[in-house]
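A.B. asks: Next come the chains, spelled out residue by residue.
Number of protein chains: 2
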Amino acid sequence: MKIDNVKAIVFDTFGTISDWRSSIAAEGARIAAQKGIADFDSDTFARAWRAGYRPGMARVISGERGWTPVDVIHRERLDEIIPDFGLDMLNEDERVHLNEAWHRINPWVDSIPGLLRLKKNHLIAPLSNGSLVLLSSMAKRAGIPWDFVFSSDMHQAYKRDPKVYQNAIALLGYEPHQVMMGAAHNDDLEAARAEGMRTAYINRPTEYGVDQSKDFEATSDWDIIADSVEGVADAMEC
Amino acid sequence: MKIDNVKAIVFDTFGTISDWRSSIAAEGARIAAQKGIADFDSDTFARAWRAGYRPGMARVISGERGWTPVDVIHRERLDEIIPDFGLDMLNEDERVHLNEAWHRINPWVDSIPGLLRLKKNHLIAPLSNGSLVLLSSMAKRAGIPWDFVFSSDMHQAYKRDPKVYQNAIALLGYEPHQVMMGAAHNDDLEAARAEGMRTAYINRPTEYGVDQSKDFEATSDWDIIADSVEGVADAMEC
Numbered sequence: 303m304k305i306d307n308v309k310a311i312v313f314d315t316f317g318t319i320s321d322w323r324s325s326i327a328a329e330g331a332r333i334a335a336q337k338g339i340a341d342f343d344s345d346t347f348a349r350a351w352r353a354g355y356r357p358g359m360a361r362v363i364s365g366e367r368g369w370t371p372v373d374v375i376h377r378e379r380l381d382e383i384i385p386d387f388g389l390d391m392l393n394e395d396e397r398v399h400l401n402e403a404w405h406r407i408n409p410w411v412d413s414i415p416g417l418l419r420l421k422k423n424h425l426i427a428p429l430s431n432g433s434l435v436l437l438s439s440m441a442k443r444a445g446i447p448w449d450f451v452f453s454s455d456m457h458q459a460y461k462r463d464p465k466v467y468q469n470a471i472a473l474l475g476y477e478p479h480q481v482m483m484g485a486a487h488n489d490d491l492e493a494a495r496a497e498g499m500r501t502a503y504i505n506r507p508t509e510y511g512v513d514q515s516k517d518f519e520a521t522s523d524w525d526i527i528a529d530s531v532e533g534v535a536d537a538m539e540c
Numbered sequence: 303m304k305i306d307n308v309k310a311i312v313f314d315t316f317g318t319i320s321d322w323r324s325s326i327a328a329e330g331a332r333i334a335a336q337k338g339i340a341d342f343d344s345d346t347f348a349r350a351w352r353a354g355y356r357p358g359m360a361r362v363i364s365g366e367r368g369w370t371p372v373d374v375i376h377r378e379r380l381d382e383i384i385p386d387f388g389l390d391m392l393n394e395d396e397r398v399h400l401n402e403a404w405h406r407i408n409p410w411v412d413s414i415p416g417l418l419r420l421k422k423n424h425l426i427a428p429l430s431n432g433s434l435v436l437l438s439s440m441a442k443r444a445g446i447p448w449d450f451v452f453s454s455d456m457h458q459a460y461k462r463d464p465k466v467y468q469n470a471i472a473l474l475g476y477e478p479h480q481v482m483m484g485a486a487h488n489d490d491l492e493a494a495r496a497e498g499m500r501t502a503y504i505n506r507p508t509e510y511g512v513d514q515s516k517d518f519e520a521t522s523d524w525d526i527i528a529d530s531v532e533g534v535a536d537a538m539e540c
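Which chain is which? The protein sequence lines are W and U, in order. Residue numbering for the first sequence follows my numbering, beginning at 303 and increasing consecutively. Residue numbering for the second sequence follows my numbering, beginning at 303 and increasing consecutively.
A hint or two may mislead.
In this list, chains with the same sequence are indistinguishable; a pair is considered to hold if it fits within one copy or across any two.
Straight-line alpha carbon distances no greater than 27 Å define the calculated DSS-like cross-link-like pairs of lysine-lysine that follow [as the list claims (entries may be wrong)]:
{"id": "1", "residue 1": "Lys442", "residue 2": "Lys422"}
{"id": "2", "residue 1": "Lys309", "residue 2": "Lys337"}
{"id": "3", "residue 1": "Lys422", "residue 2": "Lys516"}
{"id": "4", "residue 1": "Lys422", "residue 2": "Lys337"}
{"id": "5", "residue 1": "Lys442", "residue 2": "Lys516"}
{"id": "6", "residue 1": "Lys516", "residue 2": "Lys337"}
{"id": "7", "residue 1": "Lys309", "residue 2": "Lys465"}
{"id": "8", "residue 1": "Lys337", "residue 2": "Lys465"}
{"id": "9", "residue 1": "Lys442", "residue 2": "Lys309"}
{"id": "10", "residue 1": "Lys442", "residue 2": "Lys421"}
{"id": "11", "residue 1": "Lys516", "residue 2": "Lys309"}
{"id": "12", "residue 1": "Lys337", "residue 2": "Lys421"}
{"id": "13", "residue 1": "Lys421", "residue 2": "Lys516"}
In case anyone wonders, no lab produced these hints; they're calculated from the structure.
Make the full structure from the sequences, and use the hints.
C.D. replies: Right, dumping it as structure tokens:
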């Protein structure tokens, strides 16, 4: 099963390495409690916030909108949903802090143990739609042991734009098959495979909770199919 | 003395964080011993190899040559000096391995202790002319605790080209004065200050050994003037 000659493994972050839903729900619940909001539904809040993410990026990917950092997309969506959750009283500083909740999301429990194993024999990095400060801050806070960070700002593009994968391969200077993409999203792996990268599917069937409509299982014969980052390390014999 | 509102500190690497001269000399001495070369002058070898670095980059900075990765510049210079040091017998694999000596250089003794202190309150990264794989491999091997890596490939430019500093500031999304440049080279700090960055001079008067002709002291009123990375941490009260 071991795949030879893989020099770098890059990972989707939101959903694959980190559990955004429980982390954002907890931040929402905290601020709601501070503000005395009694019937705050923190899971619905997290999912509603996240629901603005793909459409926000889609406008950039399509060219309808120029390059827009993900922190701006997060903030615009936050401002949109704030009235629905009774959070209109939040002042600017509180909104800035809450928006940075995306810099503070926690990894799944298997992520750091798996990454530490993979790191011994490979360069590891996020290949994420997050910004440089978001991804670096998240890693620093949670102890995610990246060797370096690829951020969407570096590519001026969002996945699944082929430019992201092409630019990552070019920056590494490796052959495409020497770079592996790890993701919980089949379409991310499809885009990586189209550029000649190796692929590792990591199943995260609870990522979106009741909103999850796909990615309950691998939909293709990815090089590795696992239930955790530790499972990827097992397959790579690390 | 403490400078407020600095969010990220980026460092020159070769010479400032890492002692390339002793590391390259040791790699040269090792291969010379393997090959039975009796009168190999390892310090001269290291300085001769390094002497091709600035001229190699200068051709890229001036536009005379298109973007050329630093590993290529290192390799071209290695091939140039190999006859002078009796290393003509090295085969291609041995030359590739020796060229990657630049991925294996060691930090000065104060670098990691100082960076660990600065990392608590700031994002820290190299802002180096090294390549992504070079800088990431060096950090992984030596335990340099970068939060992320800026490499010359990302900017498609070499310091002191203003594009490097401008691109770093833009990728961070901070105000220029929220980013500090740490370097042992006064001209690197001049270029950073010209973009509005904060500056920290770290004195490395032995970097080039007998070849050193400048940078024995700070030549301007940099925000911080120190003898080590730990001295920068002292000044930043970390």
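A.B. asks: Please go over all the hints and tell whether each is borne out by the structure.
C.D. replies: For each hint, the structure was consulted:
1. Taking the closest pair of Cα atoms, Lys442 and Lys422 come within 27 Å of each other both inside a single copy (19 Å) and across two copies (9 Å).
2. In this assembly of identical chains, Lys309 and Lys337 lie within 27 Å of each other by CA distance neither inside one copy nor across copies; the values are 49 Å within and 30 Å between.
3. In this homomeric assembly, Lys422 and Lys516 never come within 27 Å of each other (Cα to Cα): the closest approach is 33 Å inside a single copy and 39 Å across copies.
4. Proximity of Lys422 to Lys337 under the C-alpha cut-off of 27 Å is found in neither arrangement, the shortest distances being 46 Å within a copy and 31 Å between copies.
5. Taking the shortest alpha-carbon separations for Lys442 and Lys516, neither the intra-copy value of 31 Å nor the inter-copy value of 37 Å comes in at or below 27 Å.
6. In this homomeric assembly, Lys516 and Lys337 never come within 27 Å of each other (Cα to Cα): the closest approach is 35 Å inside a single copy and 60 Å across copies.
7. In this assembly of identical chains, the alpha carbons of Lys309 and Lys465 lie at most 27 Å apart only when taken from the same copy (20 Å versus 30 Å across copies).
8. In this homomeric assembly, Lys337 and Lys465 never come within 27 Å of each other (Cα to Cα): the closest approach is 43 Å inside a single copy and 46 Å across copies.
9. Taking the shortest alpha-carbon separations for Lys442 and Lys309, both the intra-copy value of 24 Å and the inter-copy value of 13 Å come in at or below 27 Å.
10. For the identical chains of this complex, Lys442 and Lys421 are neighbours both inside a copy (16 Å) and across copies (9 Å), given an alpha-carbon limit of 27 Å.
11. Within a single copy, Lys516 and Lys309 get their C-alpha atoms no closer than 30 Å, and across copies no closer than 39 Å, so neither meets the 27 Å cut-off.
12. Within a single copy, Lys337 and Lys421 get their C-alpha atoms no closer than 43 Å, and across copies no closer than 33 Å, so neither meets the 27 Å cut-off.
13. Taking identical chains as interchangeable, the C-alpha atoms of Lys421 and Lys516 are never at most 27 Å apart, the minima being 30 Å within one chain and 39 Å between chains.
The structure is inconsistent with the numbered hints 2, 3, 4, 5, 6, 8, 11, 12 and 13, although it conforms to all the rest.
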